[in-house]
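Visitor: Given only the sequences and the hints, what does the whole structure look like? Please build it.
Residue numbers (the numbering used here), protein chains in the order written: chain U, 1 to 682; chain W, 1 to 146.
Quick caveat, the hints were computed from the structure, so don't treat them as lab data. Ideal placement from N, C-alpha and C gives every residue a C-beta, glycine not left out. Treat the hints with care, as some may be off.
[To be verified] Selected chain U positions facing chain W (in silico; Cβ < 7 angstroms):
1) 43
2) 44
3) 47
4) 88
5) 102
6) 118
7) 132
8) 133
9) 136
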Amino acid sequence: MNLSSGKEYISTASSSAGWKAGDAAAADQFPAGLRVLVVDDDPTCLMILEKMLRTCLYAVTKCSRAETALLMLRENKNGFDIVISDVHMPDMDGFKLLEHIGLEMDLPVIMMSADDGKHVVMKGVTHGACDYLIKPVRIEALKNIWQHVVRKRRNEWRDFEQSGSVEEGDRLLKQSDDADYSSSANEGNWKSSKRRKDDEDETDERDDTSTLKKPRVVWSVELHQQFVAAVNQLGIDKAVPKKILELMNVPGLTRENVASHLQKYRLYLRRLSGVSQHPSNLNSSFMSPQEAVFGPLSSLNGLDLQTLAATGQLPAQSLATLQAAGLGRSAGKPGIPMPFVDQRDIFSFENPKLRFGEGQQQHVNNNKQMNLLHGIPTTMEPKQLAGLHHTAQSMGNMNMQVASNGSQSSQNIPLLMQMAQPQARGQVINDSSLGHATRLLSPMGQPILSNGIAANVSTKTGIQENVRAPSYNPVLQTSSMLNFPMNHASELPGNSFPLGTTPGIPSLTPKVAFQEDVNSDSKGSVGFMPSYDIFNDLNQHKPQNWELQNIGMTFDASQHSNNLQGNHNHSQPVLVQQGFSSGQVNGQNKSATVVSKAIFSAGDSTGHANAQNGNQHLNSLLVDGTVRVKSETVADATPTNLYPDHFGQEDLMSALLKQQDVVAPAEHEFDFDGYSLDNIPE
Amino acid sequence: MDRNRLQHQVACMRRSLFDQGYLDEPFIQLEELQDDANPNFVQEIVTLFYTDSARLIQNIEHALNSRPIDFDKLDDYMHQFKGSSSSIGAKKVTNECTVFREYCSAENAEGCIRSFQQVKQEYAILRRKLEVYLQMVRQAAVSRTA
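Guide: In structure tokens form, the structure reads like this:
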């Protein structure tokens, strides 16, 4: 035991400045310098552990008493990266110390004991230990403890991103966004992203009612529905966070939570209606949740998503599911063609933009997930879609989680919104609901799409315009893909989407997205993927101009030329994009266009889709309720086409990206496997 | 004495300690941790173990002699003892500790007393052997090659 000035600990920490993964003196020295605090009343063990940890090149501080350890931790909140503690200690129970640390410092804690009884290990789990080591501890077990630090940070970062730092995405979006709908929530968001971030942080802390931990607000399906109901009641124009909060009357929810959620919602709606020519569409479409969802769509090509929604064709849940599916699919669901590459993405969260560019391959994974949205039922609540998208966005991590949830429909939203929640929030995306793609794309698929796409997009590169097409693809591919509400199609200014054909013809564009993912061709095809599913469903329900359908499919649609038949463009992986289906896809929507393009191409409504790119591929994907956005197929789509389409996708992507955090997980959930376009019910 | 011979003797004894089950894998980990920065690491750890063990053994003795016997406390002490002995790879000692804990959880005073005798015995044997061994190691380290 080393004593120094009465304090029974010896600090051998060599770095006080903090340790960052990959940040060590030299990258290859990682994880050297990890600041470990080891607590054990057994002097022999303590000395051995210290030596072992030092051999691992960690900065070790040892302590023989729990009280002293807490003192040290409190004095220097950021002085340690991880704590290793024994279970049996005379002055304080190790689990109690674990709780304290979790609450006050939120550091990862590893428990150790000679006791390997199941109940004790379980206790460690329930108390929140990130690992449990059995004594005698081997040095090999200590070599990898850095993973807990990295994992925790990643999760936190993700949470942060999702819950409230849409700023980044928003910022990106704003840049290229025409911002028709600038809302109070959105306004200045861009500029004050930092402020918002702080806000979010504060919010989080304020929200922390139970513990010092900062629980993220999980926008579950129910919560989201409440939110939408409140918004609709107030009227989209008049919906301000404060009033929404009042109407919702949810304990523990803060204005900031609502504000950030509203912002995302607006973006989503904007995307949905992006296809339509003017913002008013969006507004008017918000008459009711479903309407809102469809609003934009309807403007698209007469696509009566709205009607569909109105008719309740697509159950909100299913939509959500779709979204989730779309989003979640990417989560690495087996069925999902595109595994959520997210892992990579996650790391690249910091650089969403990079993701886009580089994420092609990665995005592919995401995209795949998007594709899952094929079957997304139109009724999916936009929110859900959005949520999905977001979750999808969260790429990687989120997706995974989403997938785990399996409880799709209801989860959709959470996924989207919450990317932050690693836990299977993805539920939304969970396959369960996705089964039929319909879920994903929330009611019109648009809203969702937009969100997803937006989220994706934004995250990726904040590509508002998506025009970036080439680079855009990657973006799309990633989770954001899903979200591309077709609406974007119209927005694709520069989308080279072949969709182009008609404004609303998503035709190839969407595909593009897929393709990217699938093939890592980086065609840039927007990863609309998930969205497709939604569209499919939508289509299925309503034959109405499902241009959107195409969109959804477009992603893969290019591949599936066949599906497009009629509404269902099942293959519209681009479902998301389907928002565009209203035919608006024509490149106008920056984001929507992309989607729509894809969809259109895929879809039939416009009739272009199939022809154009192999949308069929997408279509086929979309067709199925369970359309799995098989990005692979997309590969067929002509790469070149893809890019142009991507443009719209990019927009979507950016939109999605914005939401990405949320979306990511969702993607995974959607398990649209085997999009069989053929199933598209006419 | 000839260094090579000493080293040979050290190796032999080391092998027998492992073969006879006195020492286990964790002891090898200790040896591997020893380096130029800590040339006497193994000795330091073992010494620490002796000190701590002496304290724990004393506590257990006291607890066993008190009436009524506080089995929870006994188990606690023994748990600690088991933890440190297993950390240095004292295999036989650790095994005896496990037996003791079983009697303890059954609140079998007789069994506890008997098995504790075993614990102390194994501990004494190991300590003797380790002291011999480590001394030999030291000698080999400082000896010169003839």
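Visitor: Double-check residue 88 of chain U for me: the hint is only fine if its C-beta lies closer than 7 angstroms to a C-beta in chain W.
Guide: 6 angstroms, holds
Visitor: Hey, does the residue 136 of chain U contact hint survive, CB to chain W under 7 angstroms?
Guide: 4 angstroms, holds
Visitor: Please verify that hint: residue 132 of chain U, Cβ, nearest Cβ of chain W, below 7 angstroms or not.
Guide: This interface hint is violated because 15 angstroms lies over the 7 angstroms limit.
Visitor: Does the closest beta carbon of chain W sit nearer than 7 angstroms to the beta carbon of residue 43 of chain U?
Guide: 6 angstroms, holds
Visitor: Once the shortest beta carbon distance from residue 102 of chain U to chain W is found, is it less than 7 angstroms?
Guide: 24 angstroms, violated
Visitor: Report holds or violated for the interface hint on residue 47 of chain U, using the least CB-CB distance to chain W and a cut-off of 7 angstroms.
Guide: With a closest approach of 6 angstroms, the residue 47 of chain U hint holds.
Visitor: Is the shortest C-beta separation between residue 44 of chain U and chain W less than 7 angstroms?
Guide: 4 angstroms, holds
Visitor: Could you check if residue 118 of chain U really has its C-beta closer than 7 angstroms to a C-beta on chain W?
Guide: Not OK, violated: residue 118 of chain U not within 7 angstroms of chain W, min 15 angstroms.
Visitor: With a cut-off of 7 angstroms, does the beta carbon of residue 133 of chain U approach a beta carbon of chain W closely enough for the hint to hold?
Guide: Violated, because the Cβ-Cβ distance from residue 133 of chain U to chain W comes to roughly 12 angstroms (cut-off 7 angstroms).
Going through the hint list in order, the structure does not satisfy hints 5, 6, 7, 8.
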